[in-house]
Amino acid sequence: MESSDIIKAQLMDERDLDRTLDRMARQIVETFAIDNLGSVNVGLIGMQLRGVYIASRLKAKIAAVEGIDIPLGVLDATMYRDDFRLRLKQPVVRETNIEFDISERHLVLIDDVLFTGRTTRAALDALMDMGRPASVKFLVIIDRGLRELPIRADFVGQKVPTFQGEEIRVRLREIDDREGVWLVERNQKEESA
Amino acid sequence: MTQTPDTQISELSHKHLLGLVDYSDKEIELILATARQFREVLYRPIRRVPTLRGTTVVNLFYEASTRTRISFELAEKRLSADTVNFSASGSSVSKGESLKDTAQNIEAMQLDMVVVRHKSPGAAHFLTQCVPSAVINAGDGAHEHPTQALLDLLTMSDKFETFRGLNVSIIGDIMHSRVARSNVYGLTTLGANVTLCGPSTLMPVELDRLVDRGGVRITHSLDEALEGCDVAMALRIQLERQGSNRLPSLREYHELFGIKMSHLEAHPDLLIMHPGPVNRGVELESKVVDHERALILDQVTNGVAVRMAVLFLLSGTRAQPDG
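Quick note, the sequences are listed as chains B and L, same order.
With the numbering used here as the guide, the letters of the first sequence map in order to residues 677 to 869.
With the numbering used here as the guide, the letters of the second sequence map in order to residues 665 to 987.
A hint or two may mislead.
[Said to hold, decoys possible] Simulated restraints, written as ranges between beta carbons of each label pair:
id	chain 1	residue 1	chain 2	residue 2	range
1	L	Gly-805	B	Asn-717	52 to 62 Å
2	B	Ala-810	L	Ser-744	23 to 33 Å
3	L	Leu-706	B	Ser-811	23 to 33 Å
[As the list claims (entries may be wrong)] Derived pair list, reagent style DSBU-like, types lysine-lysine, alpha-carbon separation capped at 35 Å:
id	chain 1	residue 1	chain 2	residue 2
4	B	Lys-684	B	Lys-735
5	B	Lys-735	B	Lys-835
6	B	Lys-737	B	Lys-684
7	B	Lys-735	L	Lys-823
8	L	Lys-741	B	Lys-813
9	L	Lys-823	L	Lys-741
Hints listed in this document are in silico derivations from the structure and should not be mistaken for laboratory results.
Yeah, the Cβ is synthetic: ideal placement off N, Cα and C, and Gly gets one too.
All chains, full assembly: derive it from the sequences and hints.
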């Protein structure tokens, strides 16, 4: 949580988030009819930063339920963003590491929040430069609306209509000091890029 | 070395890259961390990202250069920037146009970034006074060559956990070497110890200033330089300057300062670097150049990645009102 945030509501606590991930893991299994090792042609792509941790939790859940190990890659779409020239600060470039061949594979792209759709657009462009996946499905924990591009999610944890100026904070114990999802008001003075 | 730059700063406080002398450890680490991510692009099936689409970069090369110019051009192309190349021969410089006039003309053509190589120290700094673009120094006289030092640092960072306490010896023509100067600044800023080694005729007079920064020592004995050394960086003997009577002969230089297989055998963990182009049998015995502990080709690959990182990190600066 940023120190300047004004919390308006808690949308999920630790248990809610875990149940949502349980449900989404089962949805992935159902969608791709993952039932034996021979037919596994699915890959998970976690988007930096928090999508990576969500993806690895989903991978663990699918392994626990079905006993199937789905390959997991990490994607950073910063290099494909469209807003460099509008920003004063350069965004941090994080690791991209997809060790399996994405061509002819069904991919699940995973992020924490879907907002304008611009990061998703960048991620799709990045994926297309790395190969030709058989299909790409999109999974988010929170869809907050306010899209600026024709992009939608296939697996949604929770739909939350929001206003500009509000923010969704997904916090995960792997990298944050707490776990859960909050709707907050951004402090305009402290706004950062 | 750390892969996640989360605990670091997220942007440079400089508008230009003129030298490493005033770059902080955090800034250098940000460039290296960013370069590691861009290096991954070089191994993709499509080795190009659209990051700098719409940004125009001019490469102003007033001095002969093969690998630095190609490396910058490649970095710009990998980032989808538009590039304009300019070399002193075949341009209006041969008609007597000054650096300032050339720069201002180029500026009038709406360019975003300038990469400059010039024989005069301070040429890059002078350009920042003439044009509002971000300026990257690709070597100015015997002053600095910061992207070369950054690629050397990146190469070392792949091999060692930390720069703290790392012992690096730079061997050869220190006097004429901007590579040595930039490396001394970068390495000491990150906490490494630097030994400068070479014949006294090729040691610069202002060396005391470098020693005063701390972490720098000087020797004229190769054995002393290699004792306890982690990385030996041999500098190119500039054959074009051999008229100046600073060396009795290249053979004698090789005898006294050339790194040979016997040195690699005596120091089983010693790594060898060289900024290129190598004079085989002068700075390094030919077998040493091809040895698995020679990192010379890693340096070349890392050069493209580090230049991509610098171009990316400085590309936003033109929009800033107060630079």
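Comparing the hints with the structure gives:
1. L:Gly-805 with B:Asn-717: 52 to 62 Å: Holds - the Cβ-Cβ distance for Gly-805 (chain L) and Asn-717 (chain B), about 58 Å, lies within 52 to 62 Å.
2. B:Ala-810 with L:Ser-744: 23 to 33 Å: Given a distance of about 27 Å, which is inside 23 to 33 Å, the answer is holds.
3. L:Leu-706 with B:Ser-811: 23 to 33 Å: 28 Å, holds
4. B:Lys-684 with B:Lys-735: Since the Cα atoms of Lys-684 (chain B) and Lys-735 (chain B) sit roughly 32 Å apart, the hinted pair holds (cutoff 35 Å).
5. B:Lys-735 with B:Lys-835: The hint holds at about 23 Å.
6. B:Lys-737 with B:Lys-684: 31 Å, holds
7. B:Lys-735 with L:Lys-823: 32 Å, holds
8. L:Lys-741 with B:Lys-813: 31 Å, holds
9. L:Lys-823 with L:Lys-741: 28 Å, holds
Figure legend: structure checked against the earlier numbered hints; every hint is met.
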